[in-house]
Amino acid sequence: MDRWFQLFADKKIIAGIFLAIMVILGALLFYLEKKVTSQTLERLSDQLSTALNNQLEKEHSTALRFALILGQNSALSDALEQEDEDKGFDILSEVMESIKLHTDVLIRSQIITADYVIFARSWDNSYAGMPLDFHRPDLLYFQTHKKPRSAIEVGRKLGVKATVPVYHNEKMIGFVEVVSFFESTQEYFDRLGIDMYILMEDRFYETAVFMQENPSIGKEYILANPKYTQSDLKLLNGIDFKALKTARLLFSGGRYLFYEPMKNGEGETIGAFVFSLTQKQITTYAHSDEEDISFLIHLSRNELYNITVKKTLEDAQFQSVYDKELLYLKDVVAPEDRELYLEEARERLNAYSKEELIGIMLDYKVTNEIKGEIR
Numbered sequence: 001m002d003r004w005f006q007l008f009a010d011k012k013i014i015a016g017i018f019l020a021i022m023v024i025l026g027a028l029l030f031y032l033e034k035k036v037t038s039q040t041l042e043r044l045s046d047q048l049s050t051a052l053n054n055q056l057e058k059e060h061s062t063a064l065r066f067a068l069i070l071g072q073n074s075a076l077s078d079a080l081e082q083e084d085e086d087k088g089f090d091i092l093s094e095v096m097e098s099i100k101l102h103t104d105v106l107i108r109s110q111i112i113t114a115d116y117v118i119f120a121r122s123w124d125n126s127y128a129g130m131p132l133d134f135h136r137p138d139l140l141y142f143q144t145h146k147k148p149r150s151a152i153e154v155g156r157k158l159g160v161k162a163t164v165p166v167y168h169n170e171k172m173i174g175f176v177e178v179v180s181f182f183e184s185t186q187e188y189f190d191r192l193g194i195d196m197y198i199l200m201e202d203r204f205y206e207t208a209v210f211m212q213e214n215p216s217i218g219k220e221y222i223l224a225n226p227k228y229t230q231s232d233l234k235l236l237n238g239i240d241f242k243a244l245k246t247a248r249l250l251f252s253g254g255r256y257l258f259y260e261p262m263k264n265g266e267g268e269t270i271g272a273f274v275f276s277l278t279q280k281q282i283t284t285y286a287h288s289d290e291e292d293i294s295f296l297i298h299l300s301r302n303e304l305y306n307i308t309v310k311k312t313l314e315d316a317q318f319q320s321v322y323d324k325e326l327l328y329l330k331d332v333v334a335p336e337d338r339e340l341y342l343e344e345a346r347e348r349l350n351a352y353s354k355e356e357l358i359g360i361m362l363d364y365k366v367t368n369e370i371k372g373e374i375r
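Each residue of the sequence shown is one higher than the one before, starting from 1 at the first, in this note's numbering.
Accuracy of the hints is not assured; some may be wrong.
Pairs of lysine-lysine residues, derived as DSBU-like cross-links and limited to a Cα-Cα distance of at most 35 Å, are as follows [claimed, not checked]: (1) Lys234 <-> Lys219; (2) Lys280 <-> Lys242; (3) Lys58 <-> Lys87; (4) Lys263 <-> Lys100; (5) Lys263 <-> Lys242; (6) Lys219 <-> Lys58; (7) Lys245 <-> Lys280; (8) Lys58 <-> Lys157; (9) Lys171 <-> Lys100; (10) Lys147 <-> Lys171; (11) Lys58 <-> Lys147.
Pairwise CB distance ranges (calculated) [stated by the list, open to error]: (12) Pro215 <-> Asn169: 43 to 51 Å; (13) His102 <-> Asn54: 20 to 28 Å; (14) Pro137 <-> Asn54: 24 to 32 Å; (15) Gly238 <-> Val117: 41 to 49 Å.
If you are wondering where the hints come from, they were derived from the structure by calculation, not from laboratory data.
Even for Gly, the Cβ is constructed at its ideal location relative to N, Cα and C.
All chains, please: the whole structure from these sequences, using the hints.
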């Protein structure tokens, strides 16, 4: 009897030890899996942030490039100097139609007077003569700066605004501005199946009069997305934004949410970009051969070309931003505008020394064979 009891006791001890080992192993595996998941999410958060900044940089660069070219249009500056609003609108409309025809890119541009009044607007000239001072405090930047800039700003509507001051006889007579509303960035992430929400802080409600009908998200934000569903609103209104801002990522409403602050030209936080991914997307990403955003984001040949050209142009030594952007356009200028473009390029580059031109050529598209000599 004692022998059976001892055997039973030994089995209980063995089973207890085995159970304890299984519990420890289970806890360890859970910890390791949770740690890997946390690292995966943090890595993905960083890569989404990088992808967003790259896309926004493209919007800034594109807007600034066209604004700089418009700023060099003498007919536009003459119309502004002569206060001829109709002439300004006609010129602006013709240029925008030409860009749309040859590049299939929709550009919104406007001319603003030195005292912050809308002079002409390419997409809707019914606002000509309307003052902007209350809605555009960012324009005060140009009271002490001459350098053009492109930044996310709150006006009557939140968007990317590339602004170039226009001078006549060294006196500033107004601004040329190109505006975009995150369309290309939104479309980029839409193609990847990644939901991106654009949120403006609610404190700008009185300023952004064209967004006053947009949905409010809690008491903190106004949704800037032109398209949204009730599911989107339910998800956004269920977010603890205080926790999301602190952690940068959060699981809420069955989705993984990633936070990126939105800053204006002065570096002030004015809103947020929030990404939403499903568990399936996270799992696919985590089990890819390489945990890299490239698994989700595929760069086209043209995008790679643009990135390479932009990098080489940044390395070259230019006397102004306009000169750099002018050279960047050499591969996309329309055939009928080629002679005008070459004339402008020759005039700008004649101001450079031989050594400066050599430096530009060595940095710009070094794979091209250059024949002849610099005179």
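Verification of the supplied hints:
1. Simply put, Lys234 and Lys219 have alpha-carbon atoms about 14 Å apart, close enough for the 35 Å limit, and the pair holds.
2. With a C-alpha separation of about 26 Å, the suggested pair Lys280 and Lys242 falls inside the 35 Å cut-off, and the hint holds.
3. About 31 Å separates the Cα atoms of Lys58 and Lys87, which keeps this hinted pair within 35 Å; it holds.
4. A hinted pair counts as satisfied when its Cα atoms are at most 35 Å apart, and Lys263 with Lys100 qualifies at roughly 30 Å.
5. The straight-line distance between the Cα atoms of Lys263 and Lys242 is roughly 17 Å, inside the 35 Å bound, and the hint therefore holds.
6. With a C-alpha separation of about 32 Å, the suggested pair Lys219 and Lys58 falls inside the 35 Å cut-off, and the hint holds.
7. Taking the CA atoms of Lys245 and Lys280, the gap is about 24 Å. The hint holds against a cut of 35 Å.
8. Of the pairs offered as hints, the one joining Lys58 and Lys157 holds, with about 20 Å between alpha carbons and a cut-off of 35 Å not exceeded.
9. The straight-line distance between the Cα atoms of Lys171 and Lys100 is roughly 32 Å, inside the 35 Å bound, and the hint therefore holds.
10. In summary, the hint linking Lys147 to Lys171 is supported, as the alpha carbons are separated by about 14 Å, within the 35 Å threshold.
11. The hinted pair formed by Lys58 and Lys147 meets the criterion: a straight-line CA distance of about 19 Å does not exceed 35 Å.
12. In this structure the supplied range 43 to 51 Å holds for Pro215 paired with Asn169, their Cβ-Cβ distance being about 48 Å.
13. Between His102 and Asn54 the CB atoms are about 25 Å apart, so this pair conforms to the stated range of 20 to 28 Å.
14. Between Pro137 and Asn54 the beta carbon distance is about 28 Å. The supplied range of 24 to 32 Å therefore holds.
15. For Gly238 and Val117, the Cβ-Cβ distance of about 43 Å falls inside the hinted range of 41 to 49 Å, so the restraint holds.
The structure shown violates none of the earlier numbered hints.
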